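Enquirer: Sequence:
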Amino acid sequence: MLMPCFPFPQFQFTNAFCPSKSKMPHSSPLPDFYYFCFAAYEPFLTIIGFLGALADPLNAHNSQAPWSNALPYKTLPVATLVTILQLAHVCALLGCVNLFVLTAVRKHLSHNPALQEKMIFSLLMPLLIGDLFHMWLTFWALGGHRWDFQSWSPMLWTTIILGFTLMIPRICWHLGIGRYVDSRNGSFRGDSVSKSKELFQG
900 MLMPCFPFPQ
910 FQFTNAFCPS
920 KSKMPHSSPL
930 PDFYYFCFAA
940 YEPFLTIIGF
950 LGALADPLNA
960 HNSQAPWSNA
970 LPYKTLPVAT
980 LVTILQLAHV
990 CALLGCVNLF
1000 VLTAVRKHLS
1010 HNPALQEKMI
1020 FSLLMPLLIG
1030 DLFHMWLTFW
1040 ALGGHRWDFQ
1050 SWSPMLWTTI
1060 ILGFTLMIPR
1070 ICWHLGIGRY
1080 VDSRNGSFRG
1090 DSVSKSKELF
1100 QG
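Per this note's numbering: the sequence shown = residues 900 to 1101.
Hints may contain errors.
Distance ranges between label pairs, derived from CB positions [said to hold, decoys possible]:
| hint | residue 1 | residue 2 | range |
| --- | --- | --- | --- |
| 1 | L980 | I1060 | 19 to 29 Å |
| 2 | S1021 | Y972 | 35 to 45 Å |
| 3 | S1009 | Q1049 | 48 to 58 Å |
| 4 | T1057 | H988 | 13 to 23 Å |
| 5 | K1006 | L953 | 43 to 53 Å |
| 6 | S927 | L986 | 25 to 35 Å |
| 7 | I1060 | P1025 | 34 to 44 Å |
| 8 | S1082 | V977 | 20 to 30 Å |
| 9 | A939 | S1021 | 15 to 25 Å |
| 10 | A1013 | L980 | 12 to 22 Å |
Calculated directly from the structure, the hints in this document are not laboratory data. Please read these numbers as outputs of a predicted model, since none were measured by experiment. Even glycine gets a Cβ: it sits at the ideal position worked out from N, Cα and C.
All chains, full assembly: derive it from the sequences and hints.
Expert: Okay, structure coming up:
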């Protein structure tokens, strides 16, 4: 028994509609790498720093810079102790703000990458300015020890190096490296949506 033959519509997907993975732009303003840097790595560093200052504020203070013409404190003045702990607390608070804001933006605004990008920009721009001023103020305050690397304490080296590990990814994010940029990728996204509608409506 022969089965009747019915014509079935044929769909042909071209390379214009399905570009290769190498040509596809990033679809998220906050890919996994940036999310890890700013919502996991940075909060971890700031919270660890706060706990370290809380556990040993004297060492946290004395190891910030070289001591040349004076002996390090044996006991911190109350005003200095309060300042050190409050500064460490503010740093930890900023790390927690990163975690909560970026997690909420990534979860609830994933359908709107343009708005997502604006929200992330509003958070990361002040932090980038803070990174730049942090480096400038640190080198300015070091005075004559600025280029005397041998006199730098391990804490000072750690502060500078870890500062760069946060500042460089922030600069890369603002340059649009490895992420969705609405002004650059928005037209591609719109063209893909319109082509998909035309294909299935036709």
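Enquirer: The structure should be examined with respect to each hint, and the outcome stated for every one.
Expert: Comparing the hints with the structure gives:
Evaluation of the 19 to 29 Å hint for L980 and I1060 yields a pass: the beta carbon distance comes to about 26 Å. Distance hint check for S1021 and Y972: the Cβ-Cβ separation is about 40 Å, which falls inside the suggested range of 35 to 45 Å. Between S1009 and Q1049 the Cβ separation comes to about 49 Å, which falls inside the hinted range of 48 to 58 Å. The supplied range of 13 to 23 Å is met by T1057 and H988, whose beta-carbon atoms lie about 19 Å from each other.
Under the hint 43 to 53 Å, the C-beta atoms of K1006 and L953, about 31 Å apart, miss the expected range. As the Cβ distance of S927 to L986 is approximately 34 Å, the hint placing it in 25 to 35 Å holds. Range check, I1060 to P1025: about 22 Å between beta-carbon atoms, so the 34 to 44 Å window is missed. The supplied range of 20 to 30 Å is broken by S1082 and V977, whose beta-carbon atoms lie about 52 Å from each other.
The hint said 15 to 25 Å for the Cβ distance between A939 and S1021, and at roughly 20 Å that hint holds. The given range of 12 to 22 Å is broken by A1013 and L980, whose C-beta atoms sit roughly 47 Å from each other.
The structure does not agree with the numbered hints 5, 7, 8 and 10 stated previously, though it agrees with the rest.
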